[in-house]
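Colleague: Okay, here's what each chain looks like letter by letter:
2 protein chains.
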Amino acid sequence: MTTKPVIKKRLDTQSSLIKIMKRRGLTLATAESITGGGLASAITDVSGASAVFLGSIVSYSDQSKTKFLGIPKRTLTKSTAVSETVARSMAEAARKEFGADYAISTTGVAGPGRAYGQKPGTVWIAIASKRETVTIELALSGDRDAIRKATIESALACLSRILTP
Amino acid sequence: MTTKPVIKKRLDTQSSLIKIMKRRGLTLATAESITGGGLASAITDVSGASAVFLGSIVSYSDQSKTKFLGIPKRTLTKSTAVSETVARSMAEAARKEFGADYAISTTGVAGPGRAYGQKPGTVWIAIASKRETVTIELALSGDRDAIRKATIESALACLSRILTP
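Top to bottom, those sequences are chains S and Z. Numbers in my numbering are just positions in the first sequence, counted from 1, shifted up by 380. Numbers in my numbering are just positions in the second sequence, counted from 1, shifted up by 380.
Everything labelled a hint here was simulated from the structure, so no lab data went into it. Be a bit skeptical, because a hint or two may be false.
Note that identical chains are pooled: a pair holds if it fits in a single copy or bridges any two copies.
Simulated crosslink set (DSS-like; lysine-lysine; CA at most 25 Å straight-line) [claimed, not checked]:
#1 K399 to K476
#2 K402 to K447
#3 K510 to K399
#4 K529 to K499
As the structure is a computational prediction, the values presented were derived from the model and not from experiment.
Turn these sequences into a full structure, and let the hints guide you.
Modeller: Take a look at the structure:
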């Protein structure tokens, strides 16, 4: 019973996002690390998403961040995968590679353990458009599942706010 | 209350899959259309998935199937995206591009409407390894959410069966 309103609310966010983007003729892509495909999955929960959503690169390894998103190895070594620099590069690369108007990226530590010297709940989101790239740092609490879900919800909420300021 | 056992069972499948693959030193990638990132998300629900799972190409448009998975435009025109041919090509390309031991692909019609001249619930799954590519056709019933969830569960169950015959 308690999870119902959350799921409903989440689907409402995606639905209105897709409606707005469709009306404006805008397209969307994602590049995901911490959310592992969950952001794309949330977007494509909505029937008709294909009018807006082009796809996602789920780059769960450093190698795939280099191969598919062109993030230099030295950047991953220097900044680590969980950084503003990498979040920004992921979103910009996804936008370019998919030829989308907007792209969202997610990178962070889902836990339970620390990674890249950072504690679970440390998350970076970036949203790239032709005009600019916005980055957001989150410090989330909760278990792995809660952190991943909150990242997805925050990413969708951020894009909504950018599109309807 | 009723969804609890299903979620638990699903997480069990992924956990044992990752345990088996980790023990054998095997890696996994996915290429997703109908599941829209949901298969990668289900796999990465498990903490420690990064030891096995390299990433996913969520190719939600025909263009992204061509760009990231090298599926020729004429194949998409001739066979359509929802076909054994395209499922097979997606899995083989994902395996090659990620350099993974195994790759799973999903393509189908989630609904509510028909697509590519086929009714909702028509799904193709392919699992590629170095040795062979196995394809599975599903005829699922239910709404969009049920069809996508059943596709994810079937894909995970098929790989489990291949790894532990």
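Colleague: If a hint holds in the structure, say so; if it doesn't, say that too.
Modeller: Each hint tested on the structure:
1. Proximity of K399 to K476 under the C-alpha cut-off of 25 Å is restricted to the intra-copy arrangement: shortest distance 23 Å within a copy versus 36 Å between copies.
2. Taking CA atoms no more than 25 Å apart as the test, K402 paired with K447 passes between copies only; the shortest distance there is 23 Å, against 30 Å inside one copy.
3. In this homomeric assembly, K510 and K399 come within 25 Å of each other (Cα to Cα) only inside a single copy, at 20 Å, whereas the closest approach across copies is 43 Å.
4. For the identical chains of this complex, K529 and K499 are intra-copy neighbours only, at 17 Å inside a copy versus 31 Å across copies, given an alpha-carbon limit of 25 Å.
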